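Visitor: The lines below spell out each chain.
Number of protein chains: 2
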Amino acid sequence: MIPLILYDFPSKLEGNHWFALGYKNLPFRVEWVEYPDLAPRMKEIGAKPSKRLDGTEKYTLPVLSDPNTGALVTDSLEIAEYLEKTYLDKPIFSNKSKGLIRAFDSVVINLLRAAFKFPIVRTSEILNARSAEYYIATREIMFEEKFTELSAEGLKREEHWTNLERMFNTSQEWYDKEEGKWLMGDVFSYADIIVAAILFWLKRVLHDNEWEKIASWHDGKWAKLLVDVEKECNGV
Amino acid sequence: MIPLILYDFPSKLEGNHWFALGYKNLPFRVEWVEYPDLAPRMKEIGAKPSKRLDGTEKYTLPVLSDPNTGALVTDSLEIAEYLEKTYLDKPIFSNKSKGLIRAFDSVVINLLRAAFKFPIVRTSEILNARSAEYYIATREIMFEEKFTELSAEGLKREEHWTNLERMFNTSQEWYDKEEGKWLMGDVFSYADIIVAAILFWLKRVLHDNEWEKIASWHDGKWAKLLVDVEKECNGV
Numbered sequence: 001m002i003p004l005i006l007y008d009f010p011s012k013l014e015g016n017h018w019f020a021l022g023y024k025n026l027p028f029r030v031e032w033v034e035y036p037d038l039a040p041r042m043k044e045i046g047a048k049p050s051k052r053l054d055g056t057e058k059y060t061l062p063v064l065s066d067p068n069t070g071a072l073v074t075d076s077l078e079i080a081e082y083l084e085k086t087y088l089d090k091p092i093f094s095n096k097s098k099g100l101i102r103a104f105d106s107v108v109i110n111l112l113r114a115a116f117k118f119p120i121v122r123t124s125e126i127l128n129a130r131s132a133e134y135y136i137a138t139r140e141i142m143f144e145e146k147f148t149e150l151s152a153e154g155l156k157r158e159e160h161w162t163n164l165e166r167m168f169n170t171s172q173e174w175y176d177k178e179e180g181k182w183l184m185g186d187v188f189s190y191a192d193i194i195v196a197a198i199l200f201w202l203k204r205v206l207h208d209n210e211w212e213k214i215a216s217w218h219d220g221k222w223a224k225l226l227v228d229v230e231k232e233c234n235g236v
Numbered sequence: 001m002i003p004l005i006l007y008d009f010p011s012k013l014e015g016n017h018w019f020a021l022g023y024k025n026l027p028f029r030v031e032w033v034e035y036p037d038l039a040p041r042m043k044e045i046g047a048k049p050s051k052r053l054d055g056t057e058k059y060t061l062p063v064l065s066d067p068n069t070g071a072l073v074t075d076s077l078e079i080a081e082y083l084e085k086t087y088l089d090k091p092i093f094s095n096k097s098k099g100l101i102r103a104f105d106s107v108v109i110n111l112l113r114a115a116f117k118f119p120i121v122r123t124s125e126i127l128n129a130r131s132a133e134y135y136i137a138t139r140e141i142m143f144e145e146k147f148t149e150l151s152a153e154g155l156k157r158e159e160h161w162t163n164l165e166r167m168f169n170t171s172q173e174w175y176d177k178e179e180g181k182w183l184m185g186d187v188f189s190y191a192d193i194i195v196a197a198i199l200f201w202l203k204r205v206l207h208d209n210e211w212e213k214i215a216s217w218h219d220g221k222w223a224k225l226l227v228d229v230e231k232e233c234n235g236v
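Residue numbers (the working numbering), protein chains in the order written: chain A, 1 to 236; chain B, 1 to 236.
Don't take each hint at face value.
Here are the simulated lysine-lysine pairs, DSS-like style, with alpha carbons at most 27 Å apart [unchecked claim]:
hint	chain 1	residue 1	chain 2	residue 2
1	B	Lys-51	B	Lys-24
2	B	Lys-181	A	Lys-177
3	B	Lys-90	A	Lys-51
4	A	Lys-58	B	Lys-177
5	B	Lys-51	A	Lys-224
6	B	Lys-203	A	Lys-24
7	B	Lys-85	A	Lys-181
8	A	Lys-221	B	Lys-177
9	B	Lys-177	A	Lys-48
10	B	Lys-51	A	Lys-85
11	B	Lys-156	A	Lys-177
12	A	Lys-43	A	Lys-85
13	B	Lys-177	A	Lys-90
14	A	Lys-177	B	Lys-177
15	A	Lys-177	B	Lys-85
16	B	Lys-90	A	Lys-177
17	A	Lys-177	B	Lys-221
18	A	Lys-181	B	Lys-48
19	A	Lys-85	B	Lys-24
In silico contact screen, one side only, chain A against chain B (beta carbon under 10 Å); selected entries [stated by the list, open to error]:
hint	residue
20	Lys-90
21	Pro-91
22	Phe-104
23	Leu-112
24	Thr-162
None of these hints come from the bench; they were simulated from the model. For clarity, every value in this text was computed on a predicted model and none was experimentally measured. We put the beta carbon where it would ideally sit given N, CA and C, even for glycine.
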């Protein structure tokens, strides 16, 4: 049976296992969910909410529903680890790297967080009207800031660009440490998927000239990494 | 010839390669340097300063001077990587982990930073008078805060404890991901040295009852990890 995966359209910020499923040659079906439909749809299939720091519940994507095992898994890293232990072929956590890649995920998200209000603003621009309204309202609560102020052109936007560039400069230093195109040199892993998923999101939501700027950094390394990961993941 | 390593006494926050040298069975000589003597001593042996964000120079420990190659290396990660590429036996960056362990170092330091004013205060208490005066004055500039306020008992100190505990809770999640006592399961690495060096520092500078508290977390996992790393590094 074919696993089902629920996604918000079109952001794949949390869409890492899209690549993971492709890499492992697992057929899957995607159901795109508009933001306001997320909670009712997740309840319908029996997926559990996660908890905010204040204890209230939130329903987040992606969700993996695997009819082969009956598993319902939320949270990107949990899904990746679920896939790894359930489908052994073509590991994405080779070299005893599970702990290290968890830490890597955490540090990359931290770096992204210093810049991500900018792509979040761009994301809102390509959503359908219903989702956009929901997305904007929930982000205003999340960031306690008016959405139009989130990454206002001028100093704020420049700071987000600076932080975005810093994220990739730092990532470059890490990638340079081993010989080969992946973070673990010649060993492809979920760490590369984490970076590629961010690139995928940026490419998808940013304006062309904005993506081109990122694509020009480090002699085109990041555009190339995204292509390489997509290829490695069977053209997903 | 025997490599020389310059250290501040008694903080080993940056003393990771103390373990690394031990692990690789490399004999070495330690020269303990009082803080005010650091810059002149480093100039004397020809060690270069590093740069602050504002471009001014600072002299930081540790420094490795290796008479076998003539190398003078500062910065813990640089020293570790220097040792790895110069002395091939008993690798500390196995499994193509150089990039991942750099990222790990960064995320651990970030977590520590949210708590480290507390052990910094305790460090000042065991320094010799000359070093203590220097240490306190430079930290007041660094943190733009009176030293007595840095981790004042009450809310601030509690916050530091909370953050310290969070650092170890998070580390525990990473360690749990692979089978075995090391972060990469049964593969010892510089990642374990990073954690052990923090533990060593905490054990050395905190009051007994404070260290006992940390040693009690996660069924004694952290006290045991420190012992395990010390053993693995040949009793250094």
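Visitor: Would you pick out the hints that fail for this structure and give their numbers low to high?
Guide: 1, 3, 5, 6, 8, 10, 11, 17, 18, 19, 20, 21, 23, 24
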